[in-house]
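Residues per chain are reported as follows:
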Amino acid sequence: MSEFLQHIVNGVSVGTNYALIALGYTMVYGVLKLINFAHGDVYMVGAFAGYFIAHAIGVAAEGYEPSLFNTALVFVGSMGVCALLGYLIERLAYRPLRDRPRLTSLITAIGISFLLEYGFQLPAWAGLPIEFPPGPSPRFFPELFPRTVWLEVWDVAFSNYDVIALGTALALMLALQFIVYRTKFGVAMRAVSFDPNSAALMGIPVDRVISITFALGSALAGAAALLMAISHPRIDPLMGMMPGLKAFVAAVFGGIGSVPGAMVGGILLGLSEEMVAGYALSSFRDAIAFAILIGVLLVRPEGLFGRRTSEKV
Amino acid sequence: MRALRSLAPFLLGAPVFWLVQCYAPPTLAIVLLMAGVNVILAVSLNMVNGFTGQFSLGHAGFMAIGAYTTAKITLALGDPAGGVPPWLWSNGVFLLALLAGMGLSALMGLMVGVPSLRLRGDYLAIVTLGFNEIIRVLIENVRWLGGATGISGVPPYTTLVWVGLAALATVVTAQRLLCSTHGRAMLSVREDEVAAEAMGVDTVGYKVRAFALSAAFAGLGGGLLGHYILLVTPKSFTFVKSIEVVVMVVLGGMGSISGATLAAVLLTGALELMRGLDQYRMVMYSLLLVVLMLARPTGLFGTREIWEFWGAKKKKAAA
Numbered sequence: 285m286s287e288f289l290q291h292i293v294n295g296v297s298v299g300t301n302y303a304l305i306a307l308g309y310t311m312v313y314g315v316l317k318l319i320n321f322a323h324g325d326v327y328m329v330g331a332f333a334g335y336f337i338a339h340a341i342g343v344a345a346e347g348y349e350p351s352l353f354n355t356a357l358v359f360v361g362s363m364g365v366c367a368l369l370g371y372l373i374e375r376l377a378y379r380p381l382r383d384r385p386r387l388t389s390l391i392t393a394i395g396i397s398f399l400l401e402y403g404f405q406l407p408a409w410a411g412l413p414i415e416f417p418p419g420p421s422p423r424f425f426p427e428l429f430p431r432t433v434w435l436e437v438w439d440v441a442f443s444n445y446d447v448i449a450l451g452t453a454l455a456l457m458l459a460l461q462f463i464v465y466r467t468k469f470g471v472a473m474r475a476v477s478f479d480p481n482s483a484a485l486m487g488i489p490v491d492r493v494i495s496i497t498f499a500l501g502s503a504l505a506g507a508a509a510l511l512m513a514i515s516h517p518r519i520d521p522l523m524g525m526m527p528g529l530k531a532f533v534a535a536v537f538g539g540i541g542s543v544p545g546a547m548v549g550g551i552l553l554g555l556s557e558e559m560v561a562g563y564a565l566s567s568f569r570d571a572i573a574f575a576i577l578i579g580v581l582l583v584r585p586e587g588l589f590g591r592r593t594s595e596k597v
Numbered sequence: 020m021r022a023l024r025s026l027a028p029f030l031l032g033a034p035v036f037w038l039v040q041c042y043a044p045p046t047l048a049i050v051l052l053m054a055g056v057n058v059i060l061a062v063s064l065n066m067v068n069g070f071t072g073q074f075s076l077g078h079a080g081f082m083a084i085g086a087y088t089t090a091k092i093t094l095a096l097g098d099p100a101g102g103v104p105p106w107l108w109s110n111g112v113f114l115l116a117l118l119a120g121m122g123l124s125a126l127m128g129l130m131v132g133v134p135s136l137r138l139r140g141d142y143l144a145i146v147t148l149g150f151n152e153i154i155r156v157l158i159e160n161v162r163w164l165g166g167a168t169g170i171s172g173v174p175p176y177t178t179l180v181w182v183g184l185a186a187l188a189t190v191v192t193a194q195r196l197l198c199s200t201h202g203r204a205m206l207s208v209r210e211d212e213v214a215a216e217a218m219g220v221d222t223v224g225y226k227v228r229a230f231a232l233s234a235a236f237a238g239l240g241g242g243l244l245g246h247y248i249l250l251v252t253p254k255s256f257t258f259v260k261s262i263e264v265v266v267m268v269v270l271g272g273m274g275s276i277s278g279a280t281l282a283a284v285l286l287t288g289a290l291e292l293m294r295g296l297d298q299y300r301m302v303m304y305s306l307l308l309v310v311l312m313l314a315r316p317t318g319l320f321g322t323r324e325i326w327e328f329w330g331a332k333k334k335k336a337a338a
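Those protein sequences? They're chains A and B, same order as listed.
According to the numbering used here, the first sequence is numbered sequentially starting from 285.
According to the numbering used here, the second sequence is numbered sequentially starting from 20.
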């Protein structure tokens, strides 16, 4: 029983992480019909941004007193860096290609993804105040606040890390749900997603909506990276590759373009991965997501929450 | 006469490759060999990404199948039997093993292609990538295939003559495919899938055929590579390898056989010149992809071949 409960806890914790990344995929796909391959690497950049900010404000220094303000500063700073990066990627790499065939944008996205992954592995430039690019060897994320056990049920310890991660992730998802369905910007975003040309004719600034969508999604990826880095402090330039791909699978699973779908898809993927890896075949962990993807695309390509669209000539 | 014409490239090519193998300095021979393998990979990926306009990111998976099959067979049949001279035995076994590797890769291509080629565009890209990862994880978990450490001690059968002839075979197959009924059907799928279907072209069928053929030659490339580096590991066939091949095809121009060939040779040569700057390799590839897409999304030659450019110039001059 306690083993089962432990798997559930781990699965939900990995799953919320996938869900937060998947939200970025699903929103971008909703407005642009583009798989933003570089999204997983924005996640990686978020972890490194948090790392550098934490070092700059002295979190790793001797005798650091944990404070809520500093933790919030790391989170907001890192989400800001990611939002800026997402905006820049869209502005410089995707916007010039928007009228070209979709394959062109996909290839560009792959290019950006590899540029971030391998650019971050280069040796550090001289003369910068921080060690950037960080190089290929893994870094350890400093401890923002100490880990304490809050609750113990059937030998399964729930630490403050688990609770805070889950709480933050849920709060961010609710905030996003509010933005998409209850604000003026959300209406504009859904209109662009429905039909960009008509939306433009109705006076919606399509370019700005797409920019903000990218910034929002990237900020969520940054938050996901920090939530992950707090409990698994090993960060390296390739850390975004697998979570990025799996979060995409989660988005497809839930129905790409649907915000609740991405959340449910992410948590279900995290749970199924943890269950299969825990009880059956631990070394097949990385293949499970892709098996799910192939199954979903064959059986129900629109995903759990998606709407089937017919193709028009 | 017709048979002679199809054999001519090989009859002409074999002595040339043999002479190069005997007299080229070792470093040049290595570069040429790698270039040849890359030509095989790029031209075969071009059959899917160029001819039918689909986007596969799983080429390395098929390379892996070819490499493992070939290595298993040559290791099992290592010692000459029945009084056959060793050189004949090793080359014969290698030929058999390569053909078996191609066959198995094609079969796998068929199995992957039938379900996934119903999907379009970016979904297909992700699914092929997924299959690539699944193949790699499966290999890592099978002890008979050496698990994560792979198979070492593969016999050094790959020579410049083998690679040259295999590259020629790939290019000739691609060229003759393009001029055939099947090739025309594939091009029609690329140009407009809906229109092609309306004209009675079995679009999924042709996509699957292109995919299987492409997988077969990827297996050939993988087999040759394995018998050159004498080691077959799952790490050599991650999707980073697939992306490298995609870069070559995109640089040459999707759909251009000579473009893919030239891009493969150019990139291999450029990497050799950049030796020691290995960490910049993937950075260069990714920058190349982004800049190409922004500045010249058709690649060097688009869908045309090199010689078509000379023809076009002459026509302009005449007019």
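A portion of the hints provided could be inaccurate.
To spell it out: a stretch of chain A is covered by chain B in this simulated footprint if at least three of its residues, at any positions, have a beta carbon under 8 Å from a beta carbon of chain B; those stretches are [said to hold, decoys possible]:
| no. | stretch |
| --- | --- |
| 1 | 376–383 |
| 2 | 403–414 |
| 3 | 561–573 |
Covered stretches of chain B, as calculated for chain A (at least 3 residues, CB under 8 Å) [claimed, not checked]:
| no. | stretch |
| --- | --- |
| 4 | 39–47 |
| 5 | 234–247 |
| 6 | 310–322 |
I should point out that these hints are in silico values taken from the structure, not numbers from a laboratory.
Cβ atoms here follow ideal geometry from the backbone N, Cα and C, with glycine treated the same way.
Counting residues of the stretch 234–247 of chain B whose CB is closer than 8 Å to a CB in chain A, do you get three or more? With 0 residues closer than 8 Å to chain A, the stretch 234–247 of chain B misses the three-residue bar; violated.
Whether chain A covers the stretch 310–322 of chain B (at least 3 residues having a Cβ closer than 8 Å to its Cβ atoms): holds (count 3)
State whether the coverage of the stretch 403–414 of chain A by chain B holds or is violated, taking the criterion as 3 or more residues with Cβ-Cβ distances under 8 Å. It holds: at least three residues are needed, and the stretch 403–414 of chain A offers 4 whose Cβ sits within less than 8 Å of chain B.
Please verify the coverage claim for the stretch 39–47 of chain B: does it have three or more residues whose C-beta sits within 8 Å of some C-beta in chain A? Three-residue rule not met by the stretch 39–47 of chain B, so violated; n is 0.
Within 8 Å of chain B (C-beta), three or more residues of the stretch 376–383 of chain A: holds (count 3)
Coverage claim, chain B over the stretch 561–573 of chain A, checked by counting residues with Cβ within 8 Å (three needed): holds (count 6)
In terms of the numbered hints stated before, the structure departs from hints 4, 5, listed from lowest to highest.
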